[in-house]
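Novice: Following this note's numbering, the numbering of the sequence shown begins with 181 at its first residue and continues without gaps.
Hint data in this document are derived by calculation from the structure and do not stem from the laboratory.
Remember, predicted model here, so these are calculated numbers, not experimental data.
Check before you lean on any hint, since a few could be wrong.
Claimed, not checked - The following label-pair restraints were derived from C-beta to C-beta distances:
#: 1; residue 1: T457; residue 2: Y375; range: 18 to 24 Å
#: 2; residue 1: D204; residue 2: A420; range: 21 to 27 Å
#: 3; residue 1: R410; residue 2: E340; range: 19 to 25 Å
#: 4; residue 1: P217; residue 2: A468; range: 17 to 23 Å
#: 5; residue 1: R397; residue 2: E218; range: 28 to 34 Å
#: 6; residue 1: K276; residue 2: L445; range: 24 to 30 Å
#: 7; residue 1: E198; residue 2: L445; range: 33 to 39 Å
#: 8; residue 1: T376; residue 2: L421; range: 26 to 32 Å
#: 9; residue 1: N240; residue 2: G438; range: 30 to 36 Å
#: 10; residue 1: E271; residue 2: P396; range: 17 to 23 Å
#: 11; residue 1: P396; residue 2: K371; range: 15 to 21 Å
#: 12; residue 1: D241; residue 2: D431; range: 23 to 29 Å
We put the beta carbon where it would ideally sit given N, CA and C, even for glycine.
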Amino acid sequence: MSTETTQTEPVEPLEPLEPVVTYDVRDGVAYVTLNRPEYANAQNSKVTYALDQAFTDAVNDDAVKVIVLGGNGKHFCGGHDIGTPGRDIHESFERKAVIWWDHIGAQGVDARFARESEVYLGMCRRWREIPKPVIAKVQGACIAGGLMLAWVCDFIIASEDAFFQDPVVKMGIPGVEYFAHPWVMNPRAAKEFLYTGGRFDARRAHDLGMVNHVVPRAELDVAVDEMAHRIAAMPRLGLALTKKAINQAEDLMGQRAGMDSVFGLHHAAHSHNAEVTVDSLAGLDAAAMAESNKRDAGEL
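Start from the sequences, fold in the hints, and give me the full structure.
Specialist: Right under this line is the structure:
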């Protein structure tokens, strides 16, 4: 879910006791793990840059053949951070994905476009081009910003309890910043996914081609490790060139240009909300969105 960047008095975030992303290498596989389980691994900027560092370390390590992206705890990722004590939209970070000015000190579209071009769309495009194979290991919720993290990976292996959701149309916003929806599933399914804001369970996502494999929760780690080690046996350059070939084919099908066009619509929606409602998210903070999502899913 997209974050607001209006210039309000910042609330000092609580310092995390644990790293927001953990990194471990075992038997040629780098395990990059979101580590904010108390907040469903919501993605703030600290998470974005910790992920980027972990991915960079994995690419630079010749011992690493495959990367696995996962989430610690019950859920893979509940989306962008729009309401935890660690929300850090008021903080400045070194920009690595795009050449643009800092969002700090800017207002309105100037601020939102600068920040989201870097920490969301730009970073996801950067990670999509990682030359080593990346497997997303998804359990529980994979919502909005969580979709973006999974979609930049080459494979998605999901547990039977996993579900996928992009509910930001409730905010009047046409999907998350990395708008891969028509490419990771067919266009009619993408419309249903967005129009309803509802959940697609792991089996439905598999049927639509968005997920490679679905396994019982207790077997998820083993299934991911088996796939990672099978891929790791292939030659590094062959894998890198194959990944580039498929990514280029997707872009020839219009993915990159399509994302650019929708990114503009995304920010038009933010601006409309800021003009006619209480803020750029139409007043839907993390608690309100979570309640709405649970109600739609019949959990309330």
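Novice: Against this structure, judge whether each hint is valid.
Specialist: Here is how each hint holds up against the structure:
1. T457 with Y375: 18 to 24 Å: holds (21 Å)
2. D204 with A420: 21 to 27 Å: Between D204 and A420, where Cβ atoms are some 23 Å apart, the hint holds.
3. R410 with E340: 19 to 25 Å: Hint holds: Cβ distance 22 Å, inside 19 to 25 Å.
4. P217 with A468: 17 to 23 Å: holds (22 Å)
5. R397 with E218: 28 to 34 Å: violated (20 Å)
6. K276 with L445: 24 to 30 Å: holds (25 Å)
7. E198 with L445: 33 to 39 Å: holds (37 Å)
8. T376 with L421: 26 to 32 Å: violated (39 Å)
9. N240 with G438: 30 to 36 Å: holds (32 Å)
10. E271 with P396: 17 to 23 Å: Since E271 and P396 have Cβ atoms about 40 Å apart, the given range 17 to 23 Å is violated.
11. P396 with K371: 15 to 21 Å: Distance hint for P396, K371 is violated at roughly 31 Å.
12. D241 with D431: 23 to 29 Å: 28 Å Cβ-Cβ, so the 23 to 29 Å window holds.
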